[in-house]
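K.L.:
Each chain, letter by letter, is given below.
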Amino acid sequence: MHGILILVRKEFLIEIRRRSSVAGIFLYLLSAVFVTYLAFGRIISFDVWNALFWIINLFSIVNVAAGSFSAEPSGRMLYYYTLSSPRSIILSKLVYNLMMAVVTSMTGLVVFILFFGGEEVPFLLYAIGILLGSSGFACIVTMMSALAAPSGGSSSLVSVLSFPLMLPMLISAIKASRIVIESGFSVNLLLYWIVLLLLIVITGYLAVLLFPFLWKE
Amino acid sequence: MEGIGKHWYKVLAVALILYSIIAGLLLAVPELPVIRQSIRNLFFHVPMWFAMISILAVSVVNGVLYLRTYRMKYDLASLEAGKTGILLGILGILTGMAWAEFAWGKFWVNDPKLNGAALTLLIYSAWLMLRSSIKEPHMRARFAAVYSIFAFVLMIVFIGILPRLAEESIHPGRDGNPALAVGSLNPNMRKVFLPAVVGWILFAWWYTSLRIRLAMAKEELNELVNE
Numbered sequence: 001m002h003g004i005l006i007l008v009r010k011e012f013l014i015e016i017r018r019r020s021s022v023a024g025i026f027l028y029l030l031s032a033v034f035v036t037y038l039a040f041g042r043i044i045s046f047d048v049w050n051a052l053f054w055i056i057n058l059f060s061i062v063n064v065a066a067g068s069f070s071a072e073p074s075g076r077m078l079y080y081y082t083l084s085s086p087r088s089i090i091l092s093k094l095v096y097n098l099m100m101a102v103v104t105s106m107t108g109l110v111v112f113i114l115f116f117g118g119e120e121v122p123f124l125l126y127a128i129g130i131l132l133g134s135s136g137f138a139c140i141v142t143m144m145s146a147l148a149a150p151s152g153g154s155s156s157l158v159s160v161l162s163f164p165l166m167l168p169m170l171i172s173a174i175k176a177s178r179i180v181i182e183s184g185f186s187v188n189l190l191l192y193w194i195v196l197l198l199l200i201v202i203t204g205y206l207a208v209l210l211f212p213f214l215w216k217e
Numbered sequence: 218m219e220g221i222g223k224h225w226y227k228v229l230a231v232a233l234i235l236y237s238i239i240a241g242l243l244l245a246v247p248e249l250p251v252i253r254q255s256i257r258n259l260f261f262h263v264p265m266w267f268a269m270i271s272i273l274a275v276s277v278v279n280g281v282l283y284l285r286t287y288r289m290k291y292d293l294a295s296l297e298a299g300k301t302g303i304l305l306g307i308l309g310i311l312t313g314m315a316w317a318e319f320a321w322g323k324f325w326v327n328d329p330k331l332n333g334a335a336l337t338l339l340i341y342s343a344w345l346m347l348r349s350s351i352k353e354p355h356m357r358a359r360f361a362a363v364y365s366i367f368a369f370v371l372m373i374v375f376i377g378i379l380p381r382l383a384e385e386s387i388h389p390g391r392d393g394n395p396a397l398a399v400g401s402l403n404p405n406m407r408k409v410f411l412p413a414v415v416g417w418i419l420f421a422w423w424y425t426s427l428r429i430r431l432a433m434a435k436e437e438l439n440e441l442v443n444e
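Protein chains in written order, with the working numbering: chain A, 1 to 217; chain B, 218 to 444.
So here's chain A without its partners, still in its complex pose (with noise of 0.2 Å):
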């Protein structure tokens, strides 16, 4: 449990030196949000506004745990290995992806909203479907990182990987705000939350279980 604190203390540590993925981030956010603001000017209806706001936070996601493997020079993951065991590592790697899917996509409303607005928008109710789905997308994406990483880590490869395997969890998170937006809150809701959660843990227990095969590289 300490050393897993330790990992993800140093992930924070490396981000907070190197700053460029947060500020990559940050400025893929508003550069995706800008030009569909150019592209809609005002967006009458949820449907659309709902959909829009997925495909940027999704791609967003993606983006930010695409590189958890790869971006450390092959020597140092060997000298991780020696420290500590393979749980840890993926655990802490998972903690620090949901803590940045977190980030991520609530400064991705916070903008869409910005530029959109979105008074008609139950906010809590949205914002918990919202972080059920981005946390389940970083799992994802963390693990297909893991296994893209021998073959250079490309991006294309980890998206492609990861894709199909996040449809579920992103049909459920669209439903979900449907019903957020057309009904409130309702059992159906719930019952999305709950398929989320559940996909959540079932990804998380996976990953966990799978990664000790990966390491050895």
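Hints may contain errors.
Taking CB as the label site, the calculated pair distances span [what the hints assert, rightly or not]:
id : chain 1 : residue 1 : chain 2 : residue 2 : range
1  : A       : 202       : B       : 342       : 21 to 29 Å
2  : A       : 82        : B       : 226       : 30 to 38 Å
3  : B       : 346       : A       : 81        : 20 to 28 Å
4  : B       : 288       : A       : 82        : 44 to 52 Å
5  : B       : 286       : A       : 122       : 32 to 40 Å
6  : A       : 122       : B       : 229       : 54 to 62 Å
Anything over 10 Å on all C-beta distances counts as not near chain B; from chain A, calculated [stated by the list, open to error]:
id : residue
7  : 10
8  : 24
9  : 32
10 : 85
11 : 115
12 : 117
13 : 120
14 : 140
15 : 151
16 : 213
Hints are computed from structural coordinates only; laboratory data are not their basis. Don't be surprised by glycine CBs; every beta carbon is placed ideally from N, CA and C.
Let chain A serve as the given structure and place chain B on it in line with the hints.
P.N.:
Chain B alone, transformed into the frame defined by chain A:
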């Protein structure tokens, strides 16, 4: 006949499929509005999906066996089973599209089960891409096995759980069984449907075993040539 001992399932597969084709086309089926005689596609389209899922399960199980024993033969079996699964998926979608055109007027509709079918093909194509990106055989086997576990679990979620949650679906089979509640199937049709399912599953296993033997023979040939 000697040798029929280990070949019984192949004979059974061929016999059952032939039976399902002949009986499927000759049997009296309930005349439902709109789909009418095309309901016979049930004997082909649905068994293909059952066979696909069973062969993809074989692929995942072999992947897990590889992870536990590190013996390459399991990786080979997993690969060939996966390829057969993709082939069956394509066939299932083609038969489905032909049926859709007749029943609904379009080749494809935005429906959770159809999306699940397309997604399955996407996932396993990505799996093939992952395999081709890694050169070293044992690393490739390990990574492919890990991905196939993710792929299978999430595919089951997508095919099994999401359609049950969806409110309306034009594709038949919702309350309880996304495929078709066998109990609600006309007993006459059940006589052809169940043997067809068994026949297609056995056929898929046979086809896969042939591919595995072919792949093993190619490997041996390569080794002999390289010596």
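K.L.:
Run every hint past the structure and note whether it holds.
P.N.:
Verification of the supplied hints:
no., hint, in the structure
1, A/202 with B/342: 21 to 29 Å, "22 Å, holds"
2, A/82 with B/226: 30 to 38 Å, "50 Å, violated"
3, B/346 with A/81: 20 to 28 Å, "27 Å, holds"
4, B/288 with A/82: 44 to 52 Å, "28 Å, violated"
5, B/286 with A/122: 32 to 40 Å, "53 Å, violated"
6, A/122 with B/229: 54 to 62 Å, "58 Å, holds"
7, 10, "25 Å, holds"
8, 24, "25 Å, holds"
9, 32, "24 Å, holds"
10, 85, "17 Å, holds"
11, 115, "29 Å, holds"
12, 117, "28 Å, holds"
13, 120, "22 Å, holds"
14, 140, "8 Å, violated"
15, 151, "4 Å, violated"
16, 213, "5 Å, violated"
Hints 2, 4, 5, 14, 15 and 16 from the list above are not met by this structure, while the remaining hints are.
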